[in-house]
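Trainee: Next come the chains, spelled out residue by residue.
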Amino acid sequence: MSVKVGIPRALLYYHYYPQWYTFFDQLQVTVVVSPPTNKHILEQGIAYCLDEACLPVKVAFGHLAQLADQVDFIFLPRLVSVFPREYICPKFLGLPEMVRHSGLPLPPLLVPAINTYRRQSDLMAAFQQLGNTLGRPDGQVRKAARLAQQVQQEYEKLLLAGWLPEQASRLLLGRQAQEQQVRLATELSPSSPPEAPEQGKGRIAIIGHPYLVYDSYLNMNLLQKLTRRQWPVAVVEQVSSTEIQKQTARLPKKIFWTLGRLLIGAGYHFLSAPHVAGLIHLSSFACGPDALIGELIASQARNCPGKPFMNIVIDEHSGEAGLLTRLEAFLDMVTIAGGRAGASA
Amino acid sequence: MRVTFPHMGNLWISLKAMLTYLGVQVIVPPPCNKQALQAGAKWAPEFACLPLKLNLGNFIQAREMGADTIVMAGGCGPCRFGYYAQVEHVILHDLGYNYQLVVMEPPEKHIGELLQRIKYITGQNSWWQVMQGIRFGFRKACLVDQLEKRAFYLRPREKRSGSTDKALQEALATVDAASNWRELEQAKHQAMQRLDEVKTVQRPVLRVALIGEIYTLLEPFANLELEKRLGEMGVEVDRSIYLSEWINDHLFLGLVRGMRSSKAFSQAAAPYLAHFVGGHGQESVGSAVYYARQGYDGAIHVLPFTCMPEIVAMGILPRVSQGTGLPVMSLIVDEHSGAAGVQTRLEAFVDLLARQKRHKGAFA
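Top line first, the protein sequences correspond to chains Y and H. Residue numbers for the first sequence follow our numbering, so the first one is 199 and each next one is one higher. Residue numbers for the second sequence follow our numbering, so the first one is 7 and each next one is one higher.
There could be a bad hint or two in this list.
Simulated crosslink set (DSS-like; lysine-lysine; CA at most 27 angstroms straight-line) [to be verified]:
| id | chain 1 | residue 1 | chain 2 | residue 2 |
| --- | --- | --- | --- | --- |
| 1 | H | LYS234 | H | LYS172 |
| 2 | H | LYS205 | H | LYS165 |
| 3 | H | LYS172 | H | LYS155 |
| 4 | Y | LYS237 | Y | LYS423 |
| 5 | H | LYS48 | H | LYS155 |
| 6 | H | LYS115 | Y | LYS444 |
| 7 | H | LYS165 | Y | LYS451 |
| 8 | H | LYS234 | H | LYS22 |
| 9 | H | LYS115 | Y | LYS452 |
| 10 | H | LYS172 | H | LYS22 |
| 11 | H | LYS125 | Y | LYS452 |
| 12 | H | LYS125 | H | LYS234 |
| 13 | Y | LYS505 | H | LYS48 |
| 14 | H | LYS22 | H | LYS194 |
| 15 | Y | LYS237 | Y | LYS355 |
| 16 | H | LYS205 | H | LYS155 |
| 17 | H | LYS165 | H | LYS234 |
| 18 | H | LYS115 | Y | LYS451 |
| 19 | H | LYS125 | Y | LYS451 |
| 20 | H | LYS22 | H | LYS125 |
| 21 | H | LYS194 | H | LYS205 |
Residues of chain H clear of chain Y, computed beta-carbon distances all greater than 12 angstroms [unchecked claim]:
| id | residue |
| --- | --- |
| 22 | GLN31 |
| 23 | GLN41 |
| 24 | ARG86 |
| 25 | VAL96 |
| 26 | GLN152 |
| 27 | ARG166 |
| 28 | ASP182 |
| 29 | MET198 |
| 30 | VAL207 |
| 31 | TRP252 |
| 32 | GLY301 |
| 33 | MET320 |
| 34 | GLU353 |
For the record, the hints were derived by calculation from the structure and aren't laboratory data. By construction, the Cβ of each residue, glycine as well, lies at the ideal position given by its N, Cα and C atoms.
Can you make the complete structure from the sequences, with help from the hints?
Mentor: This is the structure:
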């Protein structure tokens, strides 16, 4: 019987799953991923997490509860910094303690500190610590960590080419990991390669944290709603890091949140990109960084009158009807602004 | 150049002292008030925290009084405060307020950046004079804190209600009026004397610690005059953060000896939260442990709505409370906070503490 480690399908799962999976797989550890978010998971999250936390954190609690009696350990890294001189968000820094003191009954947690604030190479130390906790020899751990980082690079290339995270994971990790994955909606089938992200006029850009944009239960199938209406989408992960760097260099001060920096870089890029017809900023109620990031993007958007901009805020009380109404109105506005290729009155 | 800065409790006394000592023209915005909050809440992002909204209101009011330059602190995360100045500047710019922004923060590339910004404000003064200006401002900060601590002791014991507050306001005005070292020494004696005139009666008091986020702890308008309300209920309070201690910790890097340091709080937090979470989150957890050890009857955790580090602390504090036996109440404030609601909650909490203390007494 091999050791079973649970990974919650929440928060930065959407950014790092292939890397984490590969690392554990190389150490002969079985990975169990919690199922896609559903009503029950959300309810459990709300029950165990404090009211003041944001929706993504509450949902993460629900995913942890799902894994509780299925695995020997739960992987809950302390994500301090994933890019030099940057942080994620204070709630990520304190999440392990918030979980430990919540009263949620859980198997032992694996909590390596992922902190590349000083230098990128510190990531290796986190893997080393994790491997040692699992009792694996140093050599094996190093090898696994190297492969994991390679897989991560491949993954990011696929995202850049237009695959969405769970499609890219499936392509990359193959059959074995596939069983852990969800079936995706047919219109997002990974069987055919995606249209190059810069192609296809009249895209709607979705600017938001991955755990909202790719959790279709939380965002009430926003992506599918758009594609079903023949509006192709553009997402943050499709903007290259050099482009993000170029766009954020315009700011008077460096943004010290990694996700915020990506959002604002992508936002500025989409505002000037000819293939994007409108922008939707998707955020969760009371999201700290987004309150400031959103304001900076909105301020910039006010100077781009031809590009409608909409802010959608979701939480556990959001209803689908409200979202639909706003979405329809927004798409009408984009059409009026002349966004859809060939669309004319 | 007419310089303004945001309010945070009595910070203005110290900042004004420092800048005017160096011959800089200063415009102090009106004390935080309802108009400032309304203007700030109207234009600030909805989920920005109360401090940002009040800052913005201060700047809008100061602009109308003729200020043209903002001096503010900054930082490099992960707490949002580090990016406040820039966002506020963008909002003010979009509103058509033309402000020059000078942010004092750890430089991105070279210490020269920071020195250049200081020189921009202080102009022709030599570095020696700048140091003297900072020392003068710091001296006032220490004095203000001393007066406030004295008031914390007097309020629950005062004979005539309101007499402490009246004395404190007069004492603070005396300190504010001193414009050189000699006057400051005289002001110190006068101010202390003024507080000593408050008549007291000996009665049993409860001791409650105020812990949490720095701005909402220091700014009485933001916390709906928590210290005063509790004092009137017969509670002696202590605050986990004083301005002078904060300056010593963060600007002088602990150079001034014999002052309490927030490091002690971070260490005390270890069993519950062994990692920093930005802002004062870890210190909030640690200060609860600290005050429990000091034998306090309870603690009130004050934080602005949507404050990220303090939400982490809030998730952990119930466990600290369980572990140490210190009752802790969290009080979230924003532009919708109402005085009546806060008063009711404080009364209930204080009643609970009093009952617990009597109960303990009976079985001791």
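Trainee: All hints, please: hold or fail.
Mentor: Hints, verified against the model:
1. Distance restraint check for LYS234(H) and LYS172(H): the Cα-Cα separation of roughly 12 angstroms lies within the 27 angstroms cut-off, and the hinted pair is therefore satisfied.
2. As the CA atoms of LYS205(H) and LYS165(H) are separated by approximately 5 angstroms, the hinted pair is consistent with the 27 angstroms bound.
3. A threshold of 27 angstroms between alpha carbons decides the hint, and for LYS172(H) with LYS155(H) the separation of about 15 angstroms falls inside it, so the pair holds.
4. Proximity of LYS237(Y) to LYS423(Y) is assessed by CA-CA distance (about 20 angstroms); at most 27 angstroms being required, the pair is judged to hold.
5. This hinted pair does not check out: LYS48(H) and LYS155(H) have alpha carbons roughly 35 angstroms apart, beyond 27 angstroms.
6. Restraint check: the Cα-Cα separation between LYS115(H) and LYS444(Y) comes to about 18 angstroms, which is no more than 27 angstroms; the hinted pair holds.
7. Pair hint LYS165(H) plus LYS451(Y) does not hold up; C-alpha atoms about 53 angstroms apart against a cutoff of 27 angstroms.
8. Distance restraint check for LYS234(H) and LYS22(H): the Cα-Cα separation of roughly 25 angstroms lies within the 27 angstroms cut-off, and the hinted pair is therefore satisfied.
9. About 11 angstroms separates the Cα atoms of LYS115(H) and LYS452(Y), which keeps this hinted pair within 27 angstroms; it holds.
10. For a cut-off of 27 angstroms, the pair hint linking LYS172(H) to LYS22(H) stands: about 22 angstroms separates their Cα positions.
11. Simply put, LYS125(H) and LYS452(Y) have alpha-carbon atoms about 23 angstroms apart, close enough for the 27 angstroms limit, and the pair holds.
12. A hinted pair counts as satisfied when its Cα atoms are at most 27 angstroms apart, and LYS125(H) with LYS234(H) does not qualify at roughly 39 angstroms.
13. Proposed proximity of LYS505(Y) and LYS48(H) is supported: the alpha carbons are some 25 angstroms apart, at most 27 angstroms.
14. In summary, the hint linking LYS22(H) to LYS194(H) is supported, as the alpha carbons are separated by about 17 angstroms, within the 27 angstroms threshold.
15. Pair hint LYS237(Y) plus LYS355(Y) does not hold up; C-alpha atoms about 33 angstroms apart against a cutoff of 27 angstroms.
16. Among the hinted pairs, LYS205(H) with LYS155(H) is consistent with the structure: their alpha-carbon atoms are about 16 angstroms apart, no more than 27 angstroms.
17. With a CA separation close to 15 angstroms, the supplied pair LYS165(H) and LYS234(H) stays within the 27 angstroms bound.
18. At most 27 angstroms may separate the alpha-carbon atoms for a hinted pair to count; LYS115(H) and LYS451(Y) meet this at roughly 12 angstroms.
19. With a CA separation close to 20 angstroms, the supplied pair LYS125(H) and LYS451(Y) stays within the 27 angstroms bound.
20. A hinted pair counts as satisfied when its Cα atoms are at most 27 angstroms apart, and LYS22(H) with LYS125(H) qualifies at roughly 17 angstroms.
21. At most 27 angstroms may separate the alpha-carbon atoms for a hinted pair to count; LYS194(H) and LYS205(H) meet this at roughly 20 angstroms.
22. The beta carbon of GLN31(H) is kept farther than 12 angstroms from every beta carbon of chain Y, the shortest such distance being approximately 25 angstroms.
23. The beta carbon of GLN41(H) sits about 22 angstroms from the closest Cβ of chain Y, which is more than 12 angstroms, so the claim that it is off the interface holds.
24. Distance to chain Y contradicts ARG86(H) as a non-interface residue, since its nearest Cβ pair spans about 6 angstroms, not more than 12 angstroms.
25. Here VAL96(H) does not stay apart from chain Y, with its beta-carbon only about 5 angstroms from theirs, under the 12 angstroms limit.
26. Every beta carbon of chain Y lies more than 12 angstroms from that of GLN152(H), the smallest distance being close to 33 angstroms; the non-interface claim holds.
27. Every C-beta of chain Y lies more than 12 angstroms from that of ARG166(H), the closest at about 40 angstroms, which supports listing it as non-interface.
28. Look at ASP182(H): its CB is around 33 angstroms from the nearest CB on chain Y, clear of 12 angstroms, so calling it non-interface holds up.
29. Residue-level check passed: MET198(H) sits 40 angstroms from the nearest beta carbon of chain Y, beyond 12 angstroms.
30. No beta-carbon of chain Y comes within 12 angstroms of the beta-carbon of VAL207(H); the shortest separation is about 41 angstroms.
31. Every C-beta of chain Y lies more than 12 angstroms from that of TRP252(H), the closest at about 19 angstroms, which supports listing it as non-interface.
32. No beta-carbon of chain Y comes within 12 angstroms of the beta-carbon of GLY301(H); the shortest separation is about 24 angstroms.
33. Not every Cβ of chain Y is farther than 12 angstroms from the Cβ of MET320(H); the closest lies at roughly 6 angstroms, contradicting the non-interface assignment.
34. With a least CB separation of 23 angstroms from chain Y, GLU353(H) remains clear of the 12 angstroms interface cut-off, as annotated.
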